[in-house]
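Keeping the supplied structure of chain A fixed, place chain B upon it in accordance with the hints.
Number of protein chains: 2
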Amino acid sequence: MPEAASAPTAPRGTIGDSEFDRDTALSLREPGVYDIDLSAGWTIISAVNGGYLLAVLGRALADALPHGDPFTISAHYLTASQPGPAVVRTDVVRTGRTLSTGQASLLQYDDQGKEIERIRVLASYGDLGTLPDDVRTTAKPPAIPPMDHCFGPETASDIRLPSGGPAPVDGSSAIADRLMLRLDPSTLGWALGQPSGKGEMRAWFGLADGRDPDPLSLLLAVDALPPTAFEIGISGWVPTVELTVHVRCRPAPGPLRVSITTRNLAGGFLEEDAEVWDSADRLVAQSRQLARVRLG
Amino acid sequence: MPEAASAPTAPRGTIGDSEFDRDTALSLREPGVYDIDLSAGWTIISAVNGGYLLAVLGRALADALPHGDPFTISAHYLTASQPGPAVVRTDVVRTGRTLSTGQASLLQYDDQGKEIERIRVLASYGDLGTLPDDVRTTAKPPAIPPMDHCFGPETASDIRLPSGGPAPVDGSSAIADRLMLRLDPSTLGWALGQPSGKGEMRAWFGLADGRDPDPLSLLLAVDALPPTAFEIGISGWVPTVELTVHVRCRPAPGPLRVSITTRNLAGGFLEEDAEVWDSADRLVAQSRQLARVRLG
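Chains as they are written, first to last, in UniProt numbering: chain A, 1 to 296; chain B, 1 to 296.
This is chain A alone, in the form it adopts within the complex (with noise of 0.2 Å):
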C-alpha cells in the first residue's frame, strides 16, 4: 500500500506509518545494502540531526540481524551527512541466542559518485519482549513541571535565541516541526540570556504526528534536544564525536521525558549523558556522546 502509506489517512501518526517511519524507510538493494534517501525533515539549520541518523542505521541493522531490538549501540560520527542519496551498508558481526552484533555504514556521495562515509555504527540487538520484569532501579525520573508549564519550539523562539549559536527550537529548523518538543523552564535560561552555568536540558518530547515511542524512536530522543553548552553559556556548534545509546526497556505509549547531564567540560570537548524515561515511570534508554565545542 505504497500511496496509502505515504498520505496522512489519520489525524494521528501511528507506529510504522508515520513521518517518522517513512523518513527512516530503507530499500533493500542487495542482501545487507539499503538505499534511503535523507529527508530534509530532521535538519537542524543545514545539519542532518544525529538522532535521526541513527534511527536509519539502528533500523537497518534491525532488519539485517536476526534480533530486532538496539539494546547497544555505539556511533562514530565521520563527516556531516547532507539531505539527499545515501546507502547503509551492514555486516553480521556475529549471531547468538540471545544477542546478536553487527556494523553498519552510512555513506553518501561525493561529486564524482564517490562514497564517503558519514557515520559508523557497532550495535548489539536482541529480543526486549523476551527480558525478565525485574526492576532495581535507584534512579529516579527527573522533575519536569507539567507540559502545559513547558515551552514548545513557537514560544521559545519568540523568547530570544543566543546570538551566534545554532537555533535548534526556532521555526526556521526543520526538526521544529516533526518533534513535540516541550522544554523545561529551568534548562532555558540560555533562550533568555541567562544561561544556568548547569550543564543540564530537559524536555517531555515525542514526535509532532503523535506516534507512540519504540526503541528505533528512542534513538532519535536521546539526541533531540538543544544542546547542554548553551545553558554553560556557549552558543556554538557542538558535533557529536560519538555517541552510544542503551535501550533498556520497550516504551509504553504516551510521551517520553528526556534529561540530559553534562558534568566535565574540558579541552573543547564535553560528555552529553541522556536518560529517557516513558510514561510508565520505566528508565527506557541511557545514553552518553563525546562532543566538540566549536566556539561559536
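Take the hints with a grain of salt, since some may be wrong.
Remember, identical chains collapse to one label, so a pair may be satisfied in a single copy or spanning two.
The calculated SDA-like cross-link candidates involving lysine to any residue, where the alpha carbons are at most 25 Å apart (straight line), are [unchecked claim]:
id	residue 1	residue 2
1	Lys114	Gln103
2	Lys198	Ala143
3	Lys198	Asp209
4	Lys140	Ala252
5	Lys140	Gly233
6	Lys198	Pro85
7	Lys114	Thr98
8	Lys140	Arg263
9	Lys198	Leu131
10	Lys140	Ser196
11	Lys140	Asp17
12	Lys114	Arg94
13	Lys140	Pro85
14	Lys114	Ile36
15	Lys198	Val135
16	Lys140	Gly268
17	Lys198	Glu19
18	Lys198	Pro132
19	Lys198	Asp134
20	Lys198	Asp23
21	Lys198	Asp273
22	Lys114	Pro85
These are computed hints drawn from the structure, not numbers from a lab. Note that the structure is a prediction, hence the values are computed from the model and not measured.
This is chain B only, laid out in the frame that chain A set:
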C-alpha cells in the same frame, strides 16, 4: 633491548617498561595486523579481564592511526577470550587533522586454527597534548578514605567472599597480583555478607609495579574493580556486552581514584558508569558499560 626490557631491572615499573607494557606489546605481522600472546597474568578466575583486552586493542589502534591517544573507544564483547595467541586486525576508517577513527578486531583460534572474533571496537583518536587547558566541570572527585583506610586484595579475601560468585579480589585471580587496588570499605559490604544494596564501588587504583597511569592504562582502570552487582547483592558473573571509554585528559603521575555506579538493573542487564580521577584532581576518564547479569 628485548632481554633488558623484559627483566625486572628496576624496582618500579615505568611507562614503556612494566608488566602492563610487556603484556600489551604487539608484534607487527603486516600493515595493520598484529600478533600478541594474551597474558594469563590478567585473568579473573579463568576469564581474561576486559579492560586489559581493551588496552591491547587500544595500543594496536594507537600504532595503526596517525593519532596516539584514544579519545573515545567503544568495544562490543562477542566471545570470551583465553590466555594465549591472538591477532588484532585494524582498519583505518578516517584520518582527519585533529581526530582519526579506526576499527579493530581481536581474534583467537579454534581447534582447527580458524579465527574466532572475541571483541570488535570502533574508536576515535586524537592528541591529548594539544588540547586547551580550559576545564569547566561540576563533577567532584569521589570521597574515598585515605589509602591506608582501604582494603587490599589480601585483606579483602581474608574477610569473606560471597558464596558462588567470582572472586575478583581473591588471591586466586592472577590480576590481583598486577594491580594496586585499595577498596573503599563503604563499598565492601558484599565481602562481609552485607551488601549495601547500592550499586557503588570505589577504589584507589594503580599498577602493582608502580608504573604511572597513561591513556592506555585508563582503559584497564575502568574495568578492574569488583562488579557493582556484588553490592546490589548479586554474586553471579556479570559479563560485559559493550564498554565505551572517553579519555578526557592525560593522567598525572600517582594513584588514580575510580568510582563506579550502577543506577538501573532491569531485565537482566545493568549499566556500570565509571569515573577515573588522577592525583591532580582531574577527571581523566569516563566510561559506561552494559553488562548482563548471570545469576550464580
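These are the hints, each one checked on the structure:
{"no.": "1", "hint": "Lys114 / Gln103", "verdict": "both (21 Å within a copy, 21 Å between copies)"}
{"no.": "2", "hint": "Lys198 / Ala143", "verdict": "both (16 Å within a copy, 22 Å between copies)"}
{"no.": "3", "hint": "Lys198 / Asp209", "verdict": "neither (32 Å within a copy, 41 Å between copies)"}
{"no.": "4", "hint": "Lys140 / Ala252", "verdict": "within (17 Å within a copy, 35 Å between copies)"}
{"no.": "5", "hint": "Lys140 / Gly233", "verdict": "between (27 Å within a copy, 20 Å between copies)"}
{"no.": "6", "hint": "Lys198 / Pro85", "verdict": "neither (39 Å within a copy, 49 Å between copies)"}
{"no.": "7", "hint": "Lys114 / Thr98", "verdict": "between (38 Å within a copy, 24 Å between copies)"}
{"no.": "8", "hint": "Lys140 / Arg263", "verdict": "both (18 Å within a copy, 9 Å between copies)"}
{"no.": "9", "hint": "Lys198 / Leu131", "verdict": "between (36 Å within a copy, 23 Å between copies)"}
{"no.": "10", "hint": "Lys140 / Ser196", "verdict": "both (22 Å within a copy, 19 Å between copies)"}
{"no.": "11", "hint": "Lys140 / Asp17", "verdict": "neither (32 Å within a copy, 46 Å between copies)"}
{"no.": "12", "hint": "Lys114 / Arg94", "verdict": "between (29 Å within a copy, 15 Å between copies)"}
{"no.": "13", "hint": "Lys140 / Pro85", "verdict": "neither (41 Å within a copy, 46 Å between copies)"}
{"no.": "14", "hint": "Lys114 / Ile36", "verdict": "within (16 Å within a copy, 37 Å between copies)"}
{"no.": "15", "hint": "Lys198 / Val135", "verdict": "between (30 Å within a copy, 14 Å between copies)"}
{"no.": "16", "hint": "Lys140 / Gly268", "verdict": "between (30 Å within a copy, 19 Å between copies)"}
{"no.": "17", "hint": "Lys198 / Glu19", "verdict": "neither (34 Å within a copy, 42 Å between copies)"}
{"no.": "18", "hint": "Lys198 / Pro132", "verdict": "between (37 Å within a copy, 21 Å between copies)"}
{"no.": "19", "hint": "Lys198 / Asp134", "verdict": "between (34 Å within a copy, 16 Å between copies)"}
{"no.": "20", "hint": "Lys198 / Asp23", "verdict": "neither (34 Å within a copy, 42 Å between copies)"}
{"no.": "21", "hint": "Lys198 / Asp273", "verdict": "both (13 Å within a copy, 21 Å between copies)"}
{"no.": "22", "hint": "Lys114 / Pro85", "verdict": "within (12 Å within a copy, 39 Å between copies)"}
Figure legend: structure checked against the earlier numbered hints; hints not met, in rising order: 3, 6, 11, 13, 17, 20.
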